[in-house]
Amino acid sequence: MLAIELSADVEEMFRTVSQKTGRPLDELVQEALDRFLEEWEDQRDAVEAQQLYREFKEDGEQGIPWKDVKSSMDLKHGL
Numbered sequence: 014m015l016a017i018e019l020s021a022d023v024e025e026m027f028r029t030v031s032q033k034t035g036r037p038l039d040e041l042v043q044e045a046l047d048r049f050l051e052e053w054e055d056q057r058d059a060v061e062a063q064q065l066y067r068e069f070k071e072d073g074e075q076g077i078p079w080k081d082v083k084s085s086m087d088l089k090h091g092l
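Quick note: to get our numbering, add 13 to the position in the sequence shown (first position is 1).
Derived by calculation from the structure, the hints in this document are not laboratory data. Please read these numbers as outputs of a predicted model, since none were measured by experiment. A portion of the hints provided could be inaccurate.
[As the list claims (entries may be wrong)] When the alpha-carbon atoms are kept at most 30 Å apart in a straight line, the in silico DSSO-like pairs for lysine-lysine are as follows:
id: 1; residue 1: Lys70; residue 2: Lys83
id: 2; residue 1: Lys70; residue 2: Lys80
id: 3; residue 1: Lys70; residue 2: Lys89
Given only the sequences and the hints, what does the whole structure look like? Please build it.
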């Protein structure tokens with residue numbers, strides 16, 4: 014379990030939302046943390062994807078056309 018200290022303004026905002034929505038304070042804080050971590054992970058994934066794409070372009074490798082990939086997958090899965 015992690016204990017954190019929130020600024021008075023942030024705590025008041027959470028308490029207000031809790032009172033207006035009837036949702037427990039800990040549930041709201043957990044949801045906010047989950048969203049933050051998901052956005053952070055998405056940002057990390059985007060940066061990694063950009064780096065990998067840059068490396069792909071710099072290496073001069075040939076990509077595989079989507080229609081070829083789709084045909085191959087359709088055959089593999091009997092579609």
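| What are the numbers of the hints that this structure violates, sorted from low to high? | Violated hints: none at all, because every hint is consistent with the structure.
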